[in-house]
Amino acid sequence: MKKFSIKIEGATLKIVLDGAFGDEDIEAYGKEYGAAISKINPNQFTLELDARNMGVITPDKHEKLKQFFLLYKQQGFKTVTLRIQDSAILSMQVKRLAKEVGINDFRIL
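Per our numbering, residue 1 is the first one in the sequence shown, and the count goes up by one each step.
Warning: the hint list may mix true and false statements.
Unchecked claim - Listed next, the in silico DSSO-like pairs over lysine-lysine satisfying Cα-Cα at most 27 Å (straight line): (1) K99 - K31; (2) K78 - K95; (3) K31 - K64; (4) K39 - K78; (5) K7 - K31; (6) K14 - K73; (7) K39 - K3; (8) K73 - K61; (9) K39 - K14; (10) K99 - K78; (11) K73 - K31; (12) K64 - K78; (13) K2 - K39; (14) K7 - K99; (15) K64 - K14; (16) K61 - K2; (17) K2 - K31; (18) K14 - K3; (19) K39 - K64; (20) K2 - K64; (21) K66 - K99; (22) K99 - K73; (23) K7 - K73; (24) K3 - K95; (25) K95 - K73; (26) K78 - K31; (27) K99 - K3; (28) K31 - K14; (29) K7 - K61; (30) K95 - K14; (31) K3 - K66; (32) K2 - K66; (33) K64 - K7; (34) K31 - K95; (35) K3 - K64; (36) K7 - K39; (37) K31 - K3; (38) K73 - K39; (39) K95 - K64.
Just so you know, these hints were derived from the structure itself, not from any lab.
Please put together the full structure from these sequences, using the hints given.
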């Protein structure tokens with residue numbers, strides 16, 4: 001079962017993440033994300049990540065997810081917004097990832 005969806009709606013790239021990601025899921029996500037990005041100009045878009053159903057980030061996946069956050073920063077989205085459930089652990093993990101890569105306009109809802 002696919003653990004993500006990627007849609008372009010207006011000036012927003014909407015990504016829904018669902019469950020814990022394995023290596024195959026991360027690879028499939030990277031390919032589909034790249035295809036979506038090729039259709040837009042990121043500096044005119046908001047990136048909205050919905051991780052309300054995503055599991056906590058395991059240590060073995062931290063570095064791979066950090067690379068995606070770095071990619072989000074390098075692509076220059078106007079704003080990066082993350083929706084998560086009320087999970088102190090996941091919130092702390094994603095805030096740390098955003099800080100490590102230098103995403104300044106990062107919001108958690």
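Going through the hints against the structure:
Taken as a hint, the K99 and K31 pair is honoured in the structure, with Cα atoms around 25 Å apart against an allowance of 27 Å. Annotation: proposed proximity of K78 to K95 holds, straight-line Cα distance about 18 Å (limit 27 Å). Of the supplied pair hints, the one linking K31 and K64 holds, its CA atoms being roughly 14 Å apart against a limit of 27 Å. Among the hinted pairs, K39 with K78 is consistent with the structure: their alpha-carbon atoms are about 16 Å apart, no more than 27 Å.
For the given pair, K7 sits about 14 Å from K31 by alpha-carbon distance, which is consistent with the 27 Å threshold. Distance hint between K14 and K73 is fulfilled; the C-alpha atoms sit about 16 Å from each other, no more than 27 Å. For the hint linking K39 to K3, the alpha-carbon distance of about 22 Å falls within 27 Å, and the restraint holds. Between the alpha carbons of K73 and K61 the distance comes to roughly 19 Å, so the proposed pair stays at or under 27 Å and holds.
With a CA separation close to 14 Å, the supplied pair K39 and K14 stays within the 27 Å bound. Pair hint K99 plus K78 holds up; C-alpha atoms about 16 Å apart against a cutoff of 27 Å. For the suggested pair K73 and K31, the alpha carbons sit about 18 Å apart, so the restraint of at most 27 Å is met. Pair hint K64 plus K78 holds up; C-alpha atoms about 23 Å apart against a cutoff of 27 Å.
Distance hint between K2 and K39 is fulfilled; the C-alpha atoms sit about 22 Å from each other, no more than 27 Å. This hinted pair checks out: K7 and K99 have alpha carbons roughly 26 Å apart, not beyond 27 Å. For the proposed pair K64 and K14, the alpha carbon gap of about 20 Å is at most 27 Å, so the pair holds. Among the hinted pairs, K61 with K2 is consistent with the structure: their alpha-carbon atoms are about 17 Å apart, no more than 27 Å.
Distance restraint check for K2 and K31: the Cα-Cα separation of roughly 13 Å lies within the 27 Å cut-off, and the hinted pair is therefore satisfied. Of the pairs offered as hints, the one joining K14 and K3 holds, with about 14 Å between alpha carbons and a cut-off of 27 Å not exceeded. Between the alpha carbons of K39 and K64 the distance comes to roughly 24 Å, so the proposed pair stays at or under 27 Å and holds. Under the criterion of a C-alpha separation no larger than 27 Å, the hint pairing K2 with K64 is consistent with the structure, at around 18 Å.
For the hint pairing K66 with K99, the CA-to-CA distance comes to about 10 Å; that is within 27 Å, so the pair holds. Between K99 and K73 the CA atoms are separated by roughly 11 Å; this keeps the pair inside 27 Å, and the hint holds. At most 27 Å may separate the alpha-carbon atoms for a hinted pair to count; K7 and K73 meet this at roughly 19 Å. A distance of roughly 22 Å separates the Cα atoms of K3 and K95; the hinted pair therefore holds under the 27 Å criterion.
Proposed proximity of K95 and K73 is supported: the alpha carbons are some 14 Å apart, at most 27 Å. A threshold of 27 Å between alpha carbons decides the hint, and for K78 with K31 the separation of about 22 Å falls inside it, so the pair holds. Among the hinted pairs, K99 with K3 is consistent with the structure: their alpha-carbon atoms are about 25 Å apart, no more than 27 Å. Between K31 and K14 the alpha-carbon distance is near 16 Å, which keeps this suggested pair within the 27 Å criterion.
At roughly 24 Å between alpha-carbon atoms, K7 and K61 fall within 27 Å of each other, so this suggested pair holds. Distance restraint check for K95 and K14: the Cα-Cα separation of roughly 19 Å lies within the 27 Å cut-off, and the hinted pair is therefore satisfied. Between K3 and K66 the CA atoms are separated by roughly 18 Å; this keeps the pair inside 27 Å, and the hint holds. Taken as a hint, the K2 and K66 pair is honoured in the structure, with Cα atoms around 21 Å apart against an allowance of 27 Å.
Of the supplied pair hints, the one linking K64 and K7 holds, its CA atoms being roughly 22 Å apart against a limit of 27 Å. Proposed proximity of K31 and K95 is supported: the alpha carbons are some 24 Å apart, at most 27 Å. Of the supplied pair hints, the one linking K3 and K64 holds, its CA atoms being roughly 16 Å apart against a limit of 27 Å. For the hint pairing K7 with K39, the CA-to-CA distance comes to about 11 Å; that is within 27 Å, so the pair holds.
The hinted pair formed by K31 and K3 meets the criterion: a straight-line CA distance of about 13 Å does not exceed 27 Å. For the suggested pair K73 and K39, the alpha carbons sit about 18 Å apart, so the restraint of at most 27 Å is met. Proximity of K95 to K64 is assessed by CA-CA distance (about 15 Å); at most 27 Å being required, the pair is judged to hold.
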